[in-house]
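S.K.: Going line by line, the protein sequences match chains A and B.
What the first sequence shows, in this note's numbering, is residues 3 to 403, in sequence order.
What the second sequence shows, in this note's numbering, is residues 3 to 403, in sequence order.
Incorrect hints may have been included.
Note that the list lumps identical chains together, so a pair holds whenever it fits in one copy or between two copies.
[Stated by the list, open to error] Here are the simulated lysine-lysine pairs, BS3-like style, with alpha carbons at most 25 angstroms apart:
# : residue 1 : residue 2
1 : Lys159    : Lys142
2 : Lys38     : Lys368
3 : Lys343    : Lys19
4 : Lys15     : Lys147
5 : Lys345    : Lys328
6 : Lys328    : Lys147
7 : Lys88     : Lys400
Calculated directly from the structure, the hints in this document are not laboratory data.
Note that the structure is predicted; figures quoted are calculated from it, not measured.
Number of protein chains: 2
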Amino acid sequence: MTEHDLVRELVEKNSSKIVLIVADGLGGLPMQPGGKTELETAATPNLDRLAAVGTSGSSVPVLPGITPGSGPGHLGLFGYDPLEFKIGRGALEATGIGFELGPHDVAARGNFCTLDSAGLISDRRAGRIPSEESFAVVEKLQAVKIPGVETFVKPVKEHRFVVVFRAAGLDGRVADTDPQAVGVAPLDPQPLAPAAQKTADVAKEFVRQARAILADEPKANGLTLRGFAAKPALPSYEELYGLRAAAIAVYPMYKGLAQLVGMTLVGKAQSLAEQIDQLAKSWNDFDFFFLHFKYTDSTGEDGAFDQKVKRIEELDAIIPRIEALKPDVLIVTGDHSTPSKLKSHSWHPVPTLLVADTCRPDGLEKFSERNCLRGGFGIFPAKHLMLLAMAHAQRFGKYGA
Amino acid sequence: MTEHDLVRELVEKNSSKIVLIVADGLGGLPMQPGGKTELETAATPNLDRLAAVGTSGSSVPVLPGITPGSGPGHLGLFGYDPLEFKIGRGALEATGIGFELGPHDVAARGNFCTLDSAGLISDRRAGRIPSEESFAVVEKLQAVKIPGVETFVKPVKEHRFVVVFRAAGLDGRVADTDPQAVGVAPLDPQPLAPAAQKTADVAKEFVRQARAILADEPKANGLTLRGFAAKPALPSYEELYGLRAAAIAVYPMYKGLAQLVGMTLVGKAQSLAEQIDQLAKSWNDFDFFFLHFKYTDSTGEDGAFDQKVKRIEELDAIIPRIEALKPDVLIVTGDHSTPSKLKSHSWHPVPTLLVADTCRPDGLEKFSERNCLRGGFGIFPAKHLMLLAMAHAQRFGKYGA
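So that you can see chain A by itself, here it is in the shape it has in the complex (with noise of 0.2 angstroms):
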């Protein structure tokens, strides 16, 4: 029995309420040996006080020295393995810019090249075209017309930039056309399975109609596709666990990674202030709450360690608007490391704290890294805060009798 059909075979409904915060980047490192990390630098009086009666653990995204991009991060904080659901590339890069995805469509990644006269790459970054260039480049693809075909452009920094095909009986599997050297010609897209011949002719048909549009460019005058991709097929929240849920970010990544497993984007928060009134404005027309904190990881990939120490204590200063809601189960994570030490994400568990009138203590009075080592939830993998959220909800029946 697979842990999904568990979960849908136990699933109750009530009227309890699910905060999920998620700190993207959350856990760090000290910048010196015996130093501390961001989380235990920062003065968090309110996450402490919420360890003190709540259970700790440190999360591992995908499994131990695997670090995960956002998608799988992700992926596993909503209760899908990431090593079992996978987004493709040019669904994630789509996904990441805000297009949200439908069922009848193929993303892929674009990236502008120059060719010589002979048509071969001379450079497969188009010289690393600034955006407003590469901008003005994507709003001239728009022209291309393919017969029962919708093709959405939308550019997406420098030389990057997304294709969507939208049209029946599409396939993602089909080969990338960027042939990874220079002096060769870009490949033709060729279709990795019977079922993927169209979307092949299709982006064969898209790639000859942009060439012909970009012959005059100086610099973006060809262009190579990556990552073919359709929407992944996850169940959705409403599905899988009966919850009606809510994603609440400011940025496009993650709204779009809440809407993959059927999340509703509500309002238009800018600030963590306005999702706290976002998430106030919502609480009687959902189950579950998704908060999204960017700066946690965007301090740590800047290697700014003051910076995410500051961070870090802004969210801790809003958890009592939080509480103040009264909700059933609230958790604090992240969905992965991000320490300044290596300004970049990171394989390292992430700490992580579950509030609930069920929790059993677990003798922690701080919420920190060290701490979360000696939780009652131990070194667990974040594919299981799911199933540890709707036990605390009480959303669970009994297995077996």
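Following the hints, put chain B in place on chain A, whose structure we already have.
M.R.: Here is chain B on its own, set in the frame of chain A:
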């Protein structure tokens, strides 16, 4: 290689003795924030002394957040993955009343119901008739005779009973006949697989004869059947572990679960003291002893915190009598938690203690939920407990050269 294949490959025999004490529903919760659990409140000088020399841990019965019934709870402790090995509801109900299922049996749960003059259900539970009345009706059903099939009808409680069909070629895949509604007729037994056609036919004939016999009953003039199930195919303790295993339990359910894995029921003990008498008496005849203590669960189910504390102290007081037998491995654990605060089974990990000469000290001096989190076994799946028992009994060879 499955875990059971590994076990079979490594098993070696010796003269060691293993005692597994299952204090049903042992784990608990504080009634108030900042308080102690039942186990933390109890005076347990013997268990604390053993915790100092043994190894502790927190066992997870099924998965984090999943609350097990007695069936999956015990299967896990016995070393059978409760998500892989399932006991069908009819088989568990028969087991729970002490009916020993054979290899050719299919059991179903029966409900008496009230039918109106048109044969439609007017009360799905026959007015919850008292057990005495129900027992008399069950007695009448002994008159059912189906050629080539042995039929057993046994009372459970109030409107509930068990029916077991015994014949070659039966199969549990038959749909429930309870329409889960009033104003409609009971459903006919339908096979859910071609191999279950015979069983469905037998059940139909049983219902036909029963309806005739019950026609004049004022309330229990109809019946529905649910949870058809054959005896689960579980490898026996002897086959899997090479252990001659004895079960010393007071209640039918736990005797039945032990029988399903091939343990031998010994004695007719009615109290913990008598169970220990029996343990001593059977000491030379078996390698493994499962001793079940019910009252830590029943007091928890009643929400009787102080009574549960007393029952834990009762168990502690008897420990020296078990130690006097000099078991090579002594384990004290539970099949799940039953916090008095929740008045029900719960998903919280179960405090577990193993004592053997081969234990590595983990620095704990008391047996409690909080300490067990920091124990040498950490937080571990219950299904792995038997691996540890076998290892500490030095009944496993080395894996690989």
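S.K.: Next step is simple, just say for each hint if it's right about the structure.
M.R.: Consistency of the hints with the structure:
1. With identical chains, the CA atoms of lysine 159 and lysine 142 are at most 25 angstroms apart within one copy only, with a shortest distance of 16 angstroms there and 78 angstroms across copies.
2. For the homomeric pair lysine 38 and lysine 368, the shortest alpha-carbon distances inside one copy (13 angstroms) and between copies (19 angstroms) are both at most 25 angstroms.
3. For the homomeric pair lysine 343 and lysine 19, the shortest alpha-carbon distance between copies (21 angstroms) is at most 25 angstroms, but the shortest distance inside one copy (37 angstroms) is not.
4. Neither within a single protomer nor between protomers do lysine 15 and lysine 147 lie at most 25 angstroms apart by alpha-carbon distance, with minima of 48 angstroms and 44 angstroms respectively.
5. In this assembly of identical chains, the alpha carbons of lysine 345 and lysine 328 lie at most 25 angstroms apart only when taken from different copies (23 angstroms versus 36 angstroms within one copy).
6. When the C-alpha separation of lysine 328 and lysine 147 is checked against a cutoff of 25 angstroms, the pair qualifies neither within a copy, at 53 angstroms, nor between copies, at 61 angstroms.
7. With identical chains, the CA atoms of lysine 88 and lysine 400 are at most 25 angstroms apart between copies only, with a shortest distance of 14 angstroms across copies and 30 angstroms within one.
The structure shown violates the earlier hints numbered 4 and 6.
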